[in-house]
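These protein sequences, in sequence, are chains A and B. In terms of my numbering, the first sequence opens at residue 1 and continues consecutively. In terms of my numbering, the second sequence opens at residue 1 and continues consecutively.
Careful: at least some of the hints might be erroneous.
Pulled from the structure, derived: some chain A residues nowhere near chain B, Cβ distances all over 10 Å [to be verified]: (1) E10; (2) P13; (3) R18; (4) G52; (5) K55; (6) E58; (7) Q59; (8) V70; (9) D132; (10) A136; (11) E145; (12) L163.
Quick list of in silico lysine-lysine cross-link-like pairs, BS3-like style, CA-CA up to 30 Å [what the hints assert, rightly or not]: (13) A:K72 <-> B:K312; (14) B:K375 <-> B:K197; (15) A:K72 <-> A:K62; (16) A:K62 <-> B:K67; (17) B:K537 <-> A:K62; (18) A:K130 <-> A:K90; (19) B:K537 <-> B:K375; (20) A:K62 <-> B:K197.
Keep in mind that the hints were calculated from the coordinates and are not lab data. Since we're looking at a predicted model, the values are computed, not measured. Idealized CB from N, CA, C, for every residue including glycine.
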Amino acid sequence: MRHIISILLENEPGALSRIVGLFSQRNFNIETLNVAPTEDATLSRLTVTTVGEDKVIEQITKHLNKLIDVVKLVDLTEGSHIERELMLVKVKALGAQRDEIKRTADIFRAQIVDITPSLYTIQITGDTGKLDAFLAAMQPVGVLEVARTGVSGIARGEKVLSL
Amino acid sequence: MELLSGADMIARALHDEGVEYIYGYPGGAALHIYDALFRQDKVQHILVRHEQAATHAADGYARASGKPGVVLVTSGPGATNAVTGIATAYMDSIPMVVLCGQVASHLIGEDAFQETDIVGVTRPIVKHSFSIRHPSEIPGVIKKAFYLAGSGRPGPVVIDIPKDMTAPTERYEYSYPKKVRMRSYSPVTRGHSGQIKKAVELMLKARRPLFFTGGGVVSGRACEALTDLVRRLGFPITTSLMGIGAYPQGDRQCLGWPGMHGSYESNNAMHHTDLIICIGARFDDRVTNNTSKFCPTAKIIHVDIDPSSVSKTVRADVPIVGPADAVINEMISLVQGRELANPEALAAWWTQIDGWRAEREGKLYEPAAPGEPLKPQQVVEAVHRVTRGEAFVATDVGQHQMFAAQYYKFELPNRWITSGGLGTMGFGFPAAMGIKMSYPDDEVVLFTGEGSFQMMMQEFSTCKQYGVGVKIINLNNQSLGMVRQWQDLNYKSRHSHSYMQSLPDFVQLAGAYGFRAIKVHTVEELEPALEEVFRNKDELVFLDVYVDPREHVYPMQVPLGSMRDMLLTKTERT
Chain A
1 MRHIISILLE NEPGALSRIV GLFSQRNFNI ETLNVAPTED ATLSRLTVTT VGEDKVIEQI
61 TKHLNKLIDV VKLVDLTEGS HIERELMLVK VKALGAQRDE IKRTADIFRA QIVDITPSLY
121 TIQITGDTGK LDAFLAAMQP VGVLEVARTG VSGIARGEKV LSL
Chain B
1 MELLSGADMI ARALHDEGVE YIYGYPGGAA LHIYDALFRQ DKVQHILVRH EQAATHAADG
61 YARASGKPGV VLVTSGPGAT NAVTGIATAY MDSIPMVVLC GQVASHLIGE DAFQETDIVG
121 VTRPIVKHSF SIRHPSEIPG VIKKAFYLAG SGRPGPVVID IPKDMTAPTE RYEYSYPKKV
181 RMRSYSPVTR GHSGQIKKAV ELMLKARRPL FFTGGGVVSG RACEALTDLV RRLGFPITTS
241 LMGIGAYPQG DRQCLGWPGM HGSYESNNAM HHTDLIICIG ARFDDRVTNN TSKFCPTAKI
301 IHVDIDPSSV SKTVRADVPI VGPADAVINE MISLVQGREL ANPEALAAWW TQIDGWRAER
361 EGKLYEPAAP GEPLKPQQVV EAVHRVTRGE AFVATDVGQH QMFAAQYYKF ELPNRWITSG
421 GLGTMGFGFP AAMGIKMSYP DDEVVLFTGE GSFQMMMQEF STCKQYGVGV KIINLNNQSL
481 GMVRQWQDLN YKSRHSHSYM QSLPDFVQLA GAYGFRAIKV HTVEELEPAL EEVFRNKDEL
541 VFLDVYVDPR EHVYPMQVPL GSMRDMLLTK TERT
């Protein structure tokens with residue numbers, strides 16, 4: 001099963017490499033990885049999506065917790081949560097296709113953020129499934145470049161991941 | 001407050017931390033630190049002949065004393081040479097602090113002379129690591145390093161120190177922190193009481209219970225409490241290779257150790273038990289054999305200070321995360337005044353265990369008759385007799401290590417010093433050296449083989465410099481015995497690169513350093529030679545014992561089998 005693990009990490013040099021290294025060292029899977037500072041300058045928040053049986057996920061969270069730089073973590077998929085990913089995609093946009101691409105982008109609530117005479121750059125946010133669906137819809141016109149942020153997430157309701 | 005340079009802060013902080021010995025080797029990036037060591041007399045620096053030996057010596061000291069071992073090396077090759085020793089300590093959860101010189105900050109990343117990203121290189125084999133970014137950080141980082149190395153599940157900590165951080169011209173206020181608090185690290189101090197109650201109820205109801213304890217009981221200083229609990233309950237106990245000595249091995253309740261070369265009764269008891277009470281052991285693959293056939297009828301109570309050890313290889317029915325001593329003491333208070341639910345079942349279990357013991361008694365190996373090549377097992381037994389089972393015993397890795405574990409019976413913890421997890425050849429000699437320096441009045445015996453010994457034999461020179469009187473028992477079978485055994489069993493005796501055609505004359509080699517050495521071939525020569533070896537506690541003596549190269553270590557578990565599937569001799573199996 002797919003899990004989204006959010007981690008509060010000491011904002012120390014090398015902290016990120018300890019996380020990434022742990023996954024390769026122990027043969028765990030990383031599907032996406034996303035990291036940025038938080039409102040507290042001493043902490044980064046890192047979100048990783050991974051796939052594995054319950055036994056493996058249990059080992060992943062235990063080993064992450066063991067890293068000295070990891071302050072706190074939560075497996076968001078254990079409860080109700082919101083997940084988002086942002087994607088920037090360049091597609092070929094010529095002639096009649098320019099209108100068709102615009103209509104499709106509207107249906108997905110995506111925005112065209114840059115244009116040239118021959119292509120559109122489109123920005124879209126949503127969960128992974130929505131982004132995959134949009135990419136599939138764009139395949140016939142020609143996808144030239146894709147940049148995705150990886151999943152970021154947060155629990156629904158009163159639950160807060162903080163110190 | 002006092003103003004000190006970074007280098008002086010390091011020397012002072014080590015003293016404030018109570019460090020007695022530091023094992024190391026100087027080099028460019030560490031020279032400011034070496035100068036600071038020269039100008040003080042509180043911490044003794046031991047100059048080894050190879051950085052790997054520094055880590056193993058610190059490791060041996062740590063295993064024997066329970067205190068963190070300390071290492072100082074320079075950047076680049078100095079630090080990379082230490083890597084094997086750091087990995088060895090990591091695999092066996094040994095507390096160690098390794099100070100590495102580094103090129104000056106402004107050169108980092110430029111492939112400067114003797115530059116290696118040692119924090120990156122050691123990342124998977126340390127509990128944690130630090131890079132010093134300002135000299136004023138030094139006291140706090142050293143305090144944290146010792147706290148991390150020695151608390152919770154112990155392990156090695158690396159501190160990377162760029163040369164400019166120790167410059168004599170830059171001085172800062174020094175004060176050594178009394179306490180350390182880290183928001184991201186707080187090892188548990190006791191187990192979950194509800195889980196411990198549940199475990200005790202299972203223990204009292206069990207019909208065929210078995211304690212299985214490991215290195216966590218030794219490093220957790222819980223051996224006395226364990227012995228108390230095991231004796232109160234009257235259950236059998238098997239200790240992992242790392243846990244040897246936690247419970248007196250001569251005691252009837254002790255079945256030896258389990259696993260690939262474990263005792264017949266231990267492995268059978270593991271297979272048939274209905275309740276494993278595991279404390280501070282991690283069910284590694286050399287213990288469990290095939291996990292899908294492991295202990296088919298057993299429920300498992302697993303006590304460990306490291307949550308990631310629990311349910312890693314085998315599923316625990318009652319997981320308890322906590323330090324061994326606190327959990328065992330809580331168990332003792334719960335069993336006090338309680339009766340076993342099935343005392344007659346326990347009696348029958350003992351009858352079964354005694355039956356297994358009797359089956360193999362006197363059949364473990366055949367001692368050499370006069371004039372025949374000695375058997376390595378009988379050499380270990382003879383050394384055990386001469387030292388009354390009281391010596392510190394360090395080993396290298398291979399057949400001699402297994403024979404030492406099987407035939408030297410330990411009554412005390414912290415005396416069996418072996419590289420269990422990583423299996424590092426070359427570990428033994430420097431480890432023995434580290435132990436002897438801190439326990440000069442005790443006998444320190446090294447069991448080694450001619451293969452392992454040659455990996456670290458340069459340390460003769462260190463022993464000469466510091467007058468280290470370790471007793472070296474070289475079980476010389478003129479081949480890499482364990483490799484040869486596997487080749488006999490799995491490769492139709494094709495001995496690919498497992499024999500040595502150009503062994504040195506060890507007597508002359510030891511003699512070159514001014515040490516006495518004795519060559520022994522037969523049983524008649526052995527006893528008088530051992531007497532000579534152990535006559536003077538302060539003298540290093542090298543005993544080169546020629547043993548039968550055809551000997552195998554048995555029992556040996558059958559690959560992919562269950563615990564009880566074993567080869568018992570070259571011709572018998574279960």
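Results for each hint:
1. E10: Answer for E10 (chain A): violated, closest chain B Cβ roughly 6 Å.
2. P13: Its Cβ does come within 10 Å of chain B, the nearest being 7 Å, so this is violated.
3. R18: Check fails; 6 Å does not lie beyond 10 Å.
4. G52: 14 Å, holds
5. K55: K55 (chain A) not clear of chain B: closest Cβ-Cβ about 7 Å, inside 10 Å.
6. E58: The claim is violated: E58 (chain A) sits with its nearest Cβ about 7 Å from chain B, within 10 Å.
7. Q59: 6 Å, violated
8. V70: 6 Å, violated
9. D132: D132 (chain A) clear of chain B: closest Cβ-Cβ about 33 Å, beyond 10 Å.
10. A136: 39 Å, holds
11. E145: 31 Å, holds
12. L163: 7 Å, violated
13. A:K72 <-> B:K312: 21 Å, holds
14. B:K375 <-> B:K197: Violated, because 48 Å separates the two Cα atoms, which is more than 30 Å.
15. A:K72 <-> A:K62: 11 Å, holds
16. A:K62 <-> B:K67: Cα-Cα ~27 Å, so holds.
17. B:K537 <-> A:K62: Answer violated: K537 (chain B) to K62 (chain A) is near 47 Å, above 30 Å.
18. A:K130 <-> A:K90: 17 Å, holds
19. B:K537 <-> B:K375: Distance of about 26 Å is within 30 Å: holds.
20. A:K62 <-> B:K197: 24 Å, holds
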